[in-house]
Amino acid sequence: MVLSYQAAVLHEAGSPLRIETVTAPDLRPKEVLVQVRAAGLCHTDLEVIQGQLRYPMPIILGHEAAGEVVAMGSEAQEVQVGDHVVLSWNPHCNSCFYCNRDLPILCEPYLQEGAKALHFDGTSKARQADGTELHHLMFLGTFAEYCIVPDQQAVPVPKAIPFDAACLIGCGVMTGAGAALNIAEIAPGDSVMVVGCGAVGLAAVQGARMAKAGTIIAVDLNDQKLDLATRLGATHGVNASKADVAAQVRALTQGRGADVVLESAGSPAAFRTTVEAVRPGGQVIWLGKTDVQADISFRWGALMQEKRIRRSSYGGARPSRDFPMLAQAYIDGTLKLDELITQRIGLDRINDGFAALARGEAIRSVVMF
1 MVLSYQAAVL HEAGSPLRIE TVTAPDLRPK EVLVQVRAAG LCHTDLEVIQ GQLRYPMPII
61 LGHEAAGEVV AMGSEAQEVQ VGDHVVLSWN PHCNSCFYCN RDLPILCEPY LQEGAKALHF
121 DGTSKARQAD GTELHHLMFL GTFAEYCIVP DQQAVPVPKA IPFDAACLIG CGVMTGAGAA
181 LNIAEIAPGD SVMVVGCGAV GLAAVQGARM AKAGTIIAVD LNDQKLDLAT RLGATHGVNA
241 SKADVAAQVR ALTQGRGADV VLESAGSPAA FRTTVEAVRP GGQVIWLGKT DVQADISFRW
301 GALMQEKRIR RSSYGGARPS RDFPMLAQAY IDGTLKLDEL ITQRIGLDRI NDGFAALARG
361 EAIRSVVMF
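Quick note on my numbering: the sequence shown kicks off at 1 and runs consecutively.
I should point out that these hints are in silico values taken from the structure, not numbers from a laboratory.
C-beta atoms are modelled at their ideal positions from N, C-alpha and C, and glycine is treated no differently.
Relax, there's no trap hidden among the hints.
Straight-line Cα separation of at most 35 Å, DSBU-like style, residue types lysine-lysine; simulated pairs: (1) K336 x K307; (2) K336 x K159; (3) K336 x K212; (4) K289 x K30; (5) K212 x K242; (6) K116 x K30; (7) K212 x K159; (8) K116 x K289; (9) K30 x K336; (10) K212 x K307; (11) K30 x K159; (12) K159 x K289; (13) K336 x K289; (14) K212 x K289; (15) K242 x K307; (16) K159 x K116; (17) K307 x K289; (18) K336 x K242; (19) K242 x K289.
So the derived label-pair ranges between C-beta atoms look like this: (20) E339 x Q77: 31 to 41 Å; (21) R311 x Q254: 27 to 37 Å; (22) L111 x E75: 18 to 28 Å.
Please work from the sequences and hints to get the whole structure.
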């Protein structure tokens, strides 16, 4: 039986997504069929729409999602029909040079196949009505009613967490909170600065709180986002359009600068601010990104004094470990996710959601299926 369903398809950069009926092939042995119940609109999707990230088209975007397993291949493991799952966009082979060094985010097949915008086995899992194969963003393509993935990409989480909150764990929350908890080596009492208070930055603020940082300084251009950051755990807020950020941070840290700086704004000015505001010997973790072909300049003196700079794409994610942990933190009230959702929309309003994201009006719009 052919599975037909609705999906939002991008045909060319700069154009609106089109809602189309697409079809899916039969499941392969290690695959599962997930009925997508909620999908977040992320800046990475917007970058593809705007042409800053370049992928083959037509393509189904979406990579931050939660849903329910409704069918399984004969060899699928670790999940059962009926499980509620958060989807991971980092499938990995578990046997290459980098996987053997506990760096699945650098898995060689993952990096080699990603630019093709197909699934991890190199095939398309959806076709248009005329038979044209569709591409999928980040091995998922979740702006659709259904998604076929290898079993390793569907991670069960407690059913007590609602789908709209759970979907955020799949990208923005894992990236931000994971950077604080898994990457940054925050010690109790440390000073932490978070630059950019979108979904990733607000998750990083909460990760710093969960790591028991003493001073948490949120930086943004929007006072409302800074107020939200304070409600979620920041001890101070600095509006970068109104103050010298590095000077403010030094004033709050006995003149040294922050022990850890987590950047999630993705602008040249933000990247420069991170290295100016971190203390000698401190850590800078870059989470945001800009156009992949852009050049960014730094004051050389700001890079000296044993400062450590690291790029992190997924917060050191080990999905089978981290997704359930973050879901349980939400259930326990430690991790606030409802506050990150600006609006819940239907698939037919997805272009409105991206317009709001482009204007800076939304932290997360979530498509509800």
